[in-house]
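K.L.:
For reference, the chains in residue letters:
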Amino acid sequence: MTTMTIAKAINEGLRATLNNNPRTLLMGEDIGPLGGVYRVTDGLIGEFGADRVVDTPLAESGIIGTAIGLALSGYLPVCEIQFDGFVFPGFNQITTQLAKMHSRSNGNLTVPVVIRIPYGGGIGSIEHHSESPEALFAHTAGLRIITPSNPHDAYWMIQQAVDCQDPVIVFEPKRRYWLKGEVDTESPGPSGDPFKAHVLREGTDATVVAYGPLVPVALAAAGAAAEDGRSVEVIDLRSISPIDFDTVTDSVKKTGRLIVAHEAPTFGGIGGEIAARVSERAFLSLEAPVIRVGGFHMPYPVAKVEEDYLPDIDRILEALDRALAY
Amino acid sequence: MGATHLPATEFDGTGVDDQLEAEAEAVLGAPDAPMVQLLGPDGAMGEDPVFSEYANRLDAEKLRGFYADMAAIRRFDQEATALQRQGQLALWVPLTGQEAAQIGSGRASQPQDYIFPTYREHGVALTRNVDLAELLRQFRGVSNGGWNPKDTNFHLYTLVLAAQTPHAVGYAMGIQRDQKLAAANATPGQPQEPKAAVMVYFGDGASSEGDVHESMVFASSYNAPVVFFCQNNHWAISVPSTVQTRVPLADRAKGYGFPGIRVDGNDVIAVHAVTEWALERAREGKSPVLIEAFTYRVGAHTTADDPTKYRGSEEEAQWRAKDPLERLEKYLRAEGLADDAFFAKVKADGDELAAYVRKTTHDLETPDIRTAFANTYAEAHPLVAEELAWFEEYSAGFADESETADVKAAEANTDGAANR
Ligand SMILES: Cc1ncc(C[n+]2csc(CCOP(=O)(O)OP(=O)(O)O)c2C)c(N)n1
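First to last, the protein sequences are chains A and B.
Numbering-wise (the working numbering), the first sequence opens with residue 3 and increments by one.
Numbering-wise (the working numbering), the second sequence opens with residue -10 and increments by one.
Chain A on its own, in the form it takes in the complex (with noise of 0.2 angstroms):
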């Protein structure tokens, strides 16, 4: 066991792939010298090489297509998007031609490209730094999304993206990039199936579902109701496609009470499929209706407001107050 950060944890488990697989290579803006923007890949230029580690043109949708054509070749490419917000020009590239390569060649060609994008808000930034995109590539079929909470998973979440035969998108979430806890590199232990949700916390009155960024939060709010006497569950989702719906609606069925919260806009969101499998799977077991806690149907607000926008513990209070109303 090793304490490292978020943002180490992920360097770390890079720096394991590209020691493992000689084919696994890292492309992206400024990951070289730099180490990326965030310092993903701090010291991996020097390690490996220009060759596996790739600083590209300023081009997403080049980026994205070029790691198609490679991984067509037998590479595994791990692609880097800066922001949130740059990943539209590559939109095309990922939507429309990563995601339905397997199916329409019949099976016969896969293209295991991960793409990293560290995501949502939270940290004072400017436009297009703080988004939540997952949704939409979420509705995309040929797409898996993972989302790391903590260092272990982070550590290992990379490497299982790189060992998957699909396309994977690991959404970061970048303000917790700094946060701190332990990482067993020898062992994923329970973290074997990166697709699976973790129950992280027991309890009995309510669940609260959260992933990502909020999985702190989520935890938090659970902290403050047991001081109120409420026993709430708390599960890190981990995987947004695909969902694990048997640890969510497990729970529900012991605890009746739901609720889902993300940063990004509760409208056409993650929180409404889970909602929406949850009353098909569970509806009996529900004794509120599941409530979702989400931004707002706006782009999101500048950073001085952002604390107006973003779910916090307080949010998640309110929502659980409602569902125990019931």
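Among these hints, one or two may not hold up.
Covered stretches of chain B (chain A as the covering partner; in silico rule of three or more C-beta atoms under 8 angstroms from a C-beta of chain A) [what the hints assert, rightly or not]:
hint: 1; segment: 120 to 132
hint: 2; segment: 346 to 358
hint: 3; segment: 373 to 381
If you are wondering where the hints come from, they were derived from the structure by calculation, not from laboratory data.
Backbone N, C-alpha and C define an ideal beta-carbon position, used for all residues, glycine too.
Given chain A, work out where chain B with the ligand should sit, using these hints.
P.N.:
Then chain B with the ligand, alone, in the frame of chain A:
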């Protein structure tokens, strides 16, 4: 790129990309046109068969104005950097080193022209009479814009690189249509509106984005009155311009079918001349033009960046020697066009501007998130209304709590008073 396009003594051996340049020449032959330079780093004025004529249009007042503008924007830049360091701005994007490229080109535009900047074009904003304090709203995190583009024909900054380039071409296509309509409806003898063009700014890094390529295709296909102004400041964050291109960027224009010119971007007179030429050409409907201003970002990419991670200080020093302000100062003094009193006044004005910017930044009001609800759509939208109603109720809950707290506190006070 470097050496062969420039007076050999001046840019040779900057080491940035001499070898690449040589390789490109071996394949492609000599570049189409040498870099345009009029005012050298030594402050001496050179000759150019086409552009000297444009330089000759500049009188002493204009030249002093260029200097004053460049000094003002550099001072502004320093102040904004300081404000960021003091936590007053979330981020700042410095322009030091690029003053000539921006002031020279911006001053070549006419009020009827429309400008699309990226995010570093503070100097261009100055030439368009944008209140500089308004530029800081975005970087303070109180606005995603900060000024009304309709006031000055200076568009909002764009943070998604290159996304504004097709907008510029579309805007130019609109102007083109307006001009056709105006010509068709013109009454003989009536004065006509002055013709307009669009100028769009982007960097050497952004030149790799598909949007730039596509907008150049459109500009060429429809002969849109647009000038592409690429500030090649040599670095896209940590990536050198050689990763973006193996040929002088200006040479790319040929492939689209319009002229490309490389100009010494630290020579305000040459930049002005070339841009005036290009805008005139665009307004007359002759063709789009690509201008590559060969310049250097002397400081960090943004206040979040550390250039020592990717480039050497010698390179910076070499470029500091080409400083756009110093060379114009040398020229103005040598020609007797400006004296100590002028430079002292420029300095005093700069300090005044800095004080104004500092004060206005502190006073910038934090918006209410309700304005974001209000501005998401132009017309009423039921989901927004529903979410706003929820937000009002939710916030009111807290107001109640704090009111209760206030009441309790007040009660405690009265109690205390009664007890006394
Ligand atoms: C589409 C997109 N991708 C990535 C970024 C992140 N980014 C911001 S500035 C920058 C470098 C831009 O370099 P250049 O175009 O040369 O302009 P400069 O900043 O040097 O003026 C990058 C990669 C972005 N803003 N937009």
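K.L.:
Let me make sure I understand: some of the numbered hints might not hold for this structure. Which ones are they, in numerical order?
P.N.:
none
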